[in-house]
Amino acid sequence: MKKARYLLLKGCEKLRKDQRLRLDDILEEYPALSIAYYLKELFRDFYRTDGYHEAKERLEEWIKLAKQSPFASFQKAANTLERWKEPILSYFLCPYTNARIEGTNHKIKNIKRRAYGYRNLERFRLRVFLECTGNTTGSQAA
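With the UniProt record's numbering applied, the sequence shown has no gaps in its numbers, which climb one by one up to 142 at the end.
Derived from the structure by calculation, the hints contain no laboratory data.
It is possible that part of the hints are untrue.
To be verified - Calculated lysine-lysine pairs in the DSS-like style (CA-CA distance at most 30 Å, straight line): (1) Lys40 - Lys112; (2) Lys107 - Lys67; (3) Lys76 - Lys2; (4) Lys3 - Lys76; (5) Lys112 - Lys85; (6) Lys3 - Lys14; (7) Lys2 - Lys14; (8) Lys40 - Lys56; (9) Lys76 - Lys17.
Since we're looking at a predicted model, the values are computed, not measured.
Required output: the full structure, derived from the provided sequences and hints.
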């Protein structure tokens with residue numbers, strides 16, 4: 001099992017032949033780990049699906065298998081995915097997310113945290129523009 005974490009986290013399609021053989025040996029030796037690995041790979045397949053209907057089938061299959069697994073964490077994840085199934089599947093109809101906005105909000109919060117608060121709102125605004133866009137508008141204060 002030494003240094004197997006990398007093999008378990010890496011996608012099976014990216015493994016070299018020697019890595020694949022080592023992973024097969026590990027999964028054969030640890031059947032419970034084999035179940036978890038299989039579920040992880042099935043979920044990756046679901047996420048890479050192109051169409052809505054195929055994604056729906058794969059998600060339902062994954063939820064069913066995860067609920068039958070011996071792992072409480074997979075069962076909990078399956079229940080959560082089941083509750084949020086329609087919003088999750090809507091991604092396959094319109095593949096847009098709010099990740100960029102969430103990332104920008106996170107950057108702004110980090111700027112505030114690092115600065116221990118800004119007394120001058122204009123300087124805070126300039127810092128946000130600089131870090132989020134790479135340039136500033138207007139004159140730059142020192």
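Against the structure, the hints:
no., hint, in the structure
1, Lys40 - Lys112, "violated, 37 Å"
2, Lys107 - Lys67, "violated, 37 Å"
3, Lys76 - Lys2, "holds, 29 Å"
4, Lys3 - Lys76, "holds, 28 Å"
5, Lys112 - Lys85, "violated, 36 Å"
6, Lys3 - Lys14, "holds, 17 Å"
7, Lys2 - Lys14, "holds, 20 Å"
8, Lys40 - Lys56, "holds, 17 Å"
9, Lys76 - Lys17, "violated, 34 Å"
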